[in-house]
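Residue numbers (the numbering used here), protein chains in the order written: chain B, 1 to 340; chain G, 1 to 340; chain L, 1 to 340.
Hint data in this document are derived by calculation from the structure and do not stem from the laboratory.
A quick note: this is a predicted structure, and the numbers were derived from the prediction, not measured.
A couple of the hints might just be wrong.
Any copy, or any two copies together, can satisfy a pair, since identical chains are not distinguished.
To be verified - Here are the simulated SDA-like pairs of lysine to any residue, each with C-alpha atoms no more than 20 Å apart in a straight line: (1) 311 to 324; (2) 201 to 82; (3) 311 to 195; (4) 52 to 99; (5) 311 to 157; (6) 2 to 186; (7) 227 to 189; (8) 227 to 279; (9) 113 to 152; (10) 201 to 94; (11) 2 to 201.
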Amino acid sequence: MKTNPGRFFEDYRLGEIIAHAVPRTVKMGERTLYHALYPARHALHSSDEFAKTCGLPFSPLDDLIAFHVVFGKTVPDISLNAVANLGYAEGRWLGQVWPGDTLRSESTVIGLKENSSGTSGVVYVRTRGLNQHDEVVLDYVRWVMVRKRGHGPAPEAVVPALASVVAPDALPIPRGLDFTRYDFALAGEPHRWGDYAVGEKIDHVDGVTLEEAEHMLATRLWQNTAKVHFDATQRADGRRLIYGGHIISLARALSFNGLANAQLMVALNGGAHANPAFAGDTVRAWSEVLDRAETPAPGVGALRLRLVATKGAPFALRGEDGKYLPDVLLDLDYWALVPL
Amino acid sequence: MKTNPGRFFEDYRLGEIIAHAVPRTVKMGERTLYHALYPARHALHSSDEFAKTCGLPFSPLDDLIAFHVVFGKTVPDISLNAVANLGYAEGRWLGQVWPGDTLRSESTVIGLKENSSGTSGVVYVRTRGLNQHDEVVLDYVRWVMVRKRGHGPAPEAVVPALASVVAPDALPIPRGLDFTRYDFALAGEPHRWGDYAVGEKIDHVDGVTLEEAEHMLATRLWQNTAKVHFDATQRADGRRLIYGGHIISLARALSFNGLANAQLMVALNGGAHANPAFAGDTVRAWSEVLDRAETPAPGVGALRLRLVATKGAPFALRGEDGKYLPDVLLDLDYWALVPL
Amino acid sequence: MKTNPGRFFEDYRLGEIIAHAVPRTVKMGERTLYHALYPARHALHSSDEFAKTCGLPFSPLDDLIAFHVVFGKTVPDISLNAVANLGYAEGRWLGQVWPGDTLRSESTVIGLKENSSGTSGVVYVRTRGLNQHDEVVLDYVRWVMVRKRGHGPAPEAVVPALASVVAPDALPIPRGLDFTRYDFALAGEPHRWGDYAVGEKIDHVDGVTLEEAEHMLATRLWQNTAKVHFDATQRADGRRLIYGGHIISLARALSFNGLANAQLMVALNGGAHANPAFAGDTVRAWSEVLDRAETPAPGVGALRLRLVATKGAPFALRGEDGKYLPDVLLDLDYWALVPL
Numbered sequence: 001m002k003t004n005p006g007r008f009f010e011d012y013r014l015g016e017i018i019a020h021a022v023p024r025t026v027k028m029g030e031r032t033l034y035h036a037l038y039p040a041r042h043a044l045h046s047s048d049e050f051a052k053t054c055g056l057p058f059s060p061l062d063d064l065i066a067f068h069v070v071f072g073k074t075v076p077d078i079s080l081n082a083v084a085n086l087g088y089a090e091g092r093w094l095g096q097v098w099p100g101d102t103l104r105s106e107s108t109v110i111g112l113k114e115n116s117s118g119t120s121g122v123v124y125v126r127t128r129g130l131n132q133h134d135e136v137v138l139d140y141v142r143w144v145m146v147r148k149r150g151h152g153p154a155p156e157a158v159v160p161a162l163a164s165v166v167a168p169d170a171l172p173i174p175r176g177l178d179f180t181r182y183d184f185a186l187a188g189e190p191h192r193w194g195d196y197a198v199g200e201k202i203d204h205v206d207g208v209t210l211e212e213a214e215h216m217l218a219t220r221l222w223q224n225t226a227k228v229h230f231d232a233t234q235r236a237d238g239r240r241l242i243y244g245g246h247i248i249s250l251a252r253a254l255s256f257n258g259l260a261n262a263q264l265m266v267a268l269n270g271g272a273h274a275n276p277a278f279a280g281d282t283v284r285a286w287s288e289v290l291d292r293a294e295t296p297a298p299g300v301g302a303l304r305l306r307l308v309a310t311k312g313a314p315f316a317l318r319g320e321d322g323k324y325l326p327d328v329l330l331d332l333d334y335w336a337l338v339p340l
Numbered sequence: 001m002k003t004n005p006g007r008f009f010e011d012y013r014l015g016e017i018i019a020h021a022v023p024r025t026v027k028m029g030e031r032t033l034y035h036a037l038y039p040a041r042h043a044l045h046s047s048d049e050f051a052k053t054c055g056l057p058f059s060p061l062d063d064l065i066a067f068h069v070v071f072g073k074t075v076p077d078i079s080l081n082a083v084a085n086l087g088y089a090e091g092r093w094l095g096q097v098w099p100g101d102t103l104r105s106e107s108t109v110i111g112l113k114e115n116s117s118g119t120s121g122v123v124y125v126r127t128r129g130l131n132q133h134d135e136v137v138l139d140y141v142r143w144v145m146v147r148k149r150g151h152g153p154a155p156e157a158v159v160p161a162l163a164s165v166v167a168p169d170a171l172p173i174p175r176g177l178d179f180t181r182y183d184f185a186l187a188g189e190p191h192r193w194g195d196y197a198v199g200e201k202i203d204h205v206d207g208v209t210l211e212e213a214e215h216m217l218a219t220r221l222w223q224n225t226a227k228v229h230f231d232a233t234q235r236a237d238g239r240r241l242i243y244g245g246h247i248i249s250l251a252r253a254l255s256f257n258g259l260a261n262a263q264l265m266v267a268l269n270g271g272a273h274a275n276p277a278f279a280g281d282t283v284r285a286w287s288e289v290l291d292r293a294e295t296p297a298p299g300v301g302a303l304r305l306r307l308v309a310t311k312g313a314p315f316a317l318r319g320e321d322g323k324y325l326p327d328v329l330l331d332l333d334y335w336a337l338v339p340l
Numbered sequence: 001m002k003t004n005p006g007r008f009f010e011d012y013r014l015g016e017i018i019a020h021a022v023p024r025t026v027k028m029g030e031r032t033l034y035h036a037l038y039p040a041r042h043a044l045h046s047s048d049e050f051a052k053t054c055g056l057p058f059s060p061l062d063d064l065i066a067f068h069v070v071f072g073k074t075v076p077d078i079s080l081n082a083v084a085n086l087g088y089a090e091g092r093w094l095g096q097v098w099p100g101d102t103l104r105s106e107s108t109v110i111g112l113k114e115n116s117s118g119t120s121g122v123v124y125v126r127t128r129g130l131n132q133h134d135e136v137v138l139d140y141v142r143w144v145m146v147r148k149r150g151h152g153p154a155p156e157a158v159v160p161a162l163a164s165v166v167a168p169d170a171l172p173i174p175r176g177l178d179f180t181r182y183d184f185a186l187a188g189e190p191h192r193w194g195d196y197a198v199g200e201k202i203d204h205v206d207g208v209t210l211e212e213a214e215h216m217l218a219t220r221l222w223q224n225t226a227k228v229h230f231d232a233t234q235r236a237d238g239r240r241l242i243y244g245g246h247i248i249s250l251a252r253a254l255s256f257n258g259l260a261n262a263q264l265m266v267a268l269n270g271g272a273h274a275n276p277a278f279a280g281d282t283v284r285a286w287s288e289v290l291d292r293a294e295t296p297a298p299g300v301g302a303l304r305l306r307l308v309a310t311k312g313a314p315f316a317l318r319g320e321d322g323k324y325l326p327d328v329l330l331d332l333d334y335w336a337l338v339p340l
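With the hints as constraints, model all of the structure from the sequences given.
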């Protein structure tokens with residue numbers, strides 16, 4: 001067999017380090033296409049001049065470009081035979097990605113737990129994205145449910161202890177970041193860190209209808225190879241399952257309207273792809289302020305935000321049974337940096 | 001309210017200057033995507049080498065990229081609650097946009113006139129696009145019909161006096177432009193300025209069928225946020241209204257076939273989005289030579305051109321009632337620079 | 001007539017050299033979009049760092065980008081009135097294309113043969129793609145069936161003698177290429193040149209469903225102007241015919257899964273677009289190893305590969321009548337460079 005059949009649950013060993021293939025040099029073309037695929041308008045990632053007034057040498061690539069590139073590399077080794085992408089934790093954007101950087105990914109298996117059915121199991125990995133200087137630019141934990149190849153005995157169950165939220169003092173701050181000369185008019189909204197209250201909910205108002213061509217362009221750009229995103233013959237109904245990261249980027253971009261000053265994502269506390277998304281769906285987003293924190297950087301505060309993507313009405317999340325409502329696509333929990 | 005509800009007619013004041021948000025650094029990726037979205041083939045915007053033989057340091061970004069970026073920034077402040085985009089006048093591309101430039105927009109309210117219905121009014125703005133050196137790269141007047149929020153009294157009507165055409169001696173010429181070494185074979189057609197007669201009409205022959213994914217990619221790339229272009233739930237028929245600028249770029253690109261040497265757009269005399277365009281429409285274009293002028297630049301003449309985009313037969317424009325025929329999408333009046 | 005009606009069979013003269021219009025500067029944006037349009041993952045074209053370990057200064061543009069750009073320029077002169085694209089031969093990628101290079105194309109008419117029907121004829125051209133230094137980067141022969149304008153007498157039939165395969169000692173090797181430090185883990189597969197046997201067949205497993213927006217974006221990016229790819233009114237069934245090169249790139253990208261180390265295409269021995277492809281088709285690919293050869297470059301071997309794109313099952317190619325099966329879209333014969 002010359003082709004990659006993907007790994008099954010039995011193929012993972014606790015502590016194993018997997019070096020993922022196909023490093024990727026990202027340049028300005030990635031940003032251009034990102035801004036064509038999503039209604040991304042955060043000024044720090046749109047304008048070199050704006051980034052300079054924030055203490056950066058020029059505009060870094062959007063945080064989620066780094067996420068998608070790093071994530072995409074893991075797919076052939078982690079999620080080709082995955083039944084479900086179950087969760088994220090302890091994600092931190094530890095460095096900016098600049099045009100011309102070359103990214104690669106490696107994952108460490110930190111947990112394994114067979115399901116009671118005996119036909120699948122949960123694999124926990126800590127994935128690191130590194131640049132050409134071997135600097136870690138992104139670090140996060142993900143767990144997926146993976147099919148078993150056979151019916152062999154279960155390994156000893158190891159479930160890692162994961163923080164439910166990245167602590168404020170562990171938030172990474174881009175080197176040089178300084179919001180004391182921040183231009184709110186150019187950024188698009190006047191709301192400062194202090195204008196957001198814990199518990200506040202924001203309806204981001206706008207909606208975007210999904211197209212097959214768009215999500216496939218995006219998913220290929222990140223070199224994500226999962227068949228279900230590209231091959232209409234994989235499902236009986238002929239629909240392609242949209243890469244969950246496409247919805248993350250769409251929701252984050254939509255959140256500009258009300259959170260235009262939440263310029264940088266610096267930590268990913270958790271996230272659930274609540275329901276699958278398909279072409280034709282019209283996606284809207286709303287946010288909830290979960291927490292606030294100060295940072296040591298001048299003029300820079302942090303907001304912990306819930307970001308929900310939905311096909312339905314804002315602010316509805318779970319039913320009486322505690323389960324996500326059928327219209328909810330994404331429930332993401334992250335920290336963003338915001339001017340004071 | 002953290003989100004932007006858009007301005008209503010009452011929110012504009014004569015003389016007010018609006019600094020539009022989200023500056024944008026444009027690079028070569030924008031050109032690449034532009035050439036994927038439209039069948040653009042004008043050699044000056046395709047080849048650095050060709051641009052050098054025309055006296056430029058290298059190939060500038062397509063004129064309409066500048067237009068779309070500058071226009072897109074005005075949408076949240078000018079046309080979010082617009083009922084119709086009524087017209088353009090006095091447009092001039094005053095400077096070239098080079099890869100790496102950062103553009104921002106500002107608009108001055110130069111006219112206000114409430115409609116007799118009392119439910120809307122016409123807002124006239126002069127919009128300027130500026131680069132990071134505060135040089136104006138584009139200047140144009142646009143007027144839109146905007147809904148009123150309430151039923152308050154009408155402001156005094158002020159309608160600006162606008163030139164029906166940019167005078168030939170006011171046409172901006174890119175610094176260094178010289179067509180005396182122009183290579184007609186590489187450009188694709190032998191027709192010189194002198195080969196075009198006033199009154200001549202050209203059928204550009206080719207047609208392009210519109211796709212939802214394409215117009216949305218384009219419209220997002222220009223950071224244009226008007227809901228109707230992205231959200232299929234905004235109309236009862238589930239169709240998305242295509243950004244009028246998408247049709248301008250498509251028609252201009254199609255006009256290569258017959259006007260391959262009309263290399264640069266330098267002035268926009270006027271324009272009407274005669275009817276809306278939707279995915280599935282097949283768009284064709286035809287042009288009419290309206291005027292000719294000499295310029296002080298070596299080897300460089302100017303043609304005033306009517307550019308019409310249509311779903312129907314060429315050269316048909318208005319019905320017996322004087323109104324645009326239902327198939328006509330665009331009627332644009334511009335000046336282009338052409339080798340003598 | 002200002003527009004280009006295309007050439008008819010009578011318009012070609014043996015020995016005539018046609019300088020094709022619209023030179024094109026290609027940069028990193030072209031690579032980005034290429035990787036969004038096709039699931040391209042070969043590491044040499046994905047990572048500057050990987051390319052450096054292979055002896056190159058950085059990552060060149062994908063071989064098929066050069067092919068498409070050079071080919072696209074020939075369309076207005078060669079295939080606008082073509083009935084069919086009949087074959088390729090003697091193709092060689094003689095130089096790498098680097099970001100910032102400007103490409104142009106010229107073709108020499110090397111054969112002419114009227115068909116017995118008297119309504120069309122076969123035109124053979126040798127096309128060369130040149131960069132801004134007048135270096136040939138690509139050279140190939142193509143023959144197409146072109147309609148006759150009238151019923152005039154047939155020219156003397158001249159059919160060029162074409163090699164059925166590029167000889168191993170004529171394979172071009174990129175300057176500096178050295179696979180002795182090749183990183184198989186980063187490249188994605190462990191299979192070396194010696195692991196492939198003549199006659200071996202590889203099912204590349206993955207499938208991609210075609211979308212109208214995607215093939216039009218691609219075809220426009222290469223400035224290919226053939227109406228049938230863009231205009232849904234050209235066919236009674238309203239479908240757009242997909243540019244054959246789109247299928248070549250798609251199949252080549254899919255072949256990563258099993259041929260991840262076939263990093264560079266260096267020669268095109270032949271190829272047939274067996275059946276047309278349309279939006280909605282799900283395309284899969286399989287390869288057959290036709291031959292193996294050594295090269296003088298350190299650590300570098302060559303594989304001659306048949307690459308087949310199909311809507312059907314792998315390894316089925318022709319029916320009992322010797323004709324391509326209806327599901328087969330492409331049968332390509334090329335040489336690739338592979339680490340020893």
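Now the hints, each set against the structure:
no.	hint	result
1	311 to 324	within (12 Å within a copy, 38 Å between copies)
2	201 to 82	neither (34 Å within a copy, 28 Å between copies)
3	311 to 195	neither (28 Å within a copy, 50 Å between copies)
4	52 to 99	both (15 Å within a copy, 18 Å between copies)
5	311 to 157	neither (37 Å within a copy, 43 Å between copies)
6	2 to 186	between (53 Å within a copy, 16 Å between copies)
7	227 to 189	between (40 Å within a copy, 18 Å between copies)
8	227 to 279	both (16 Å within a copy, 18 Å between copies)
9	113 to 152	within (14 Å within a copy, 67 Å between copies)
10	201 to 94	neither (28 Å within a copy, 44 Å between copies)
11	2 to 201	between (52 Å within a copy, 10 Å between copies)
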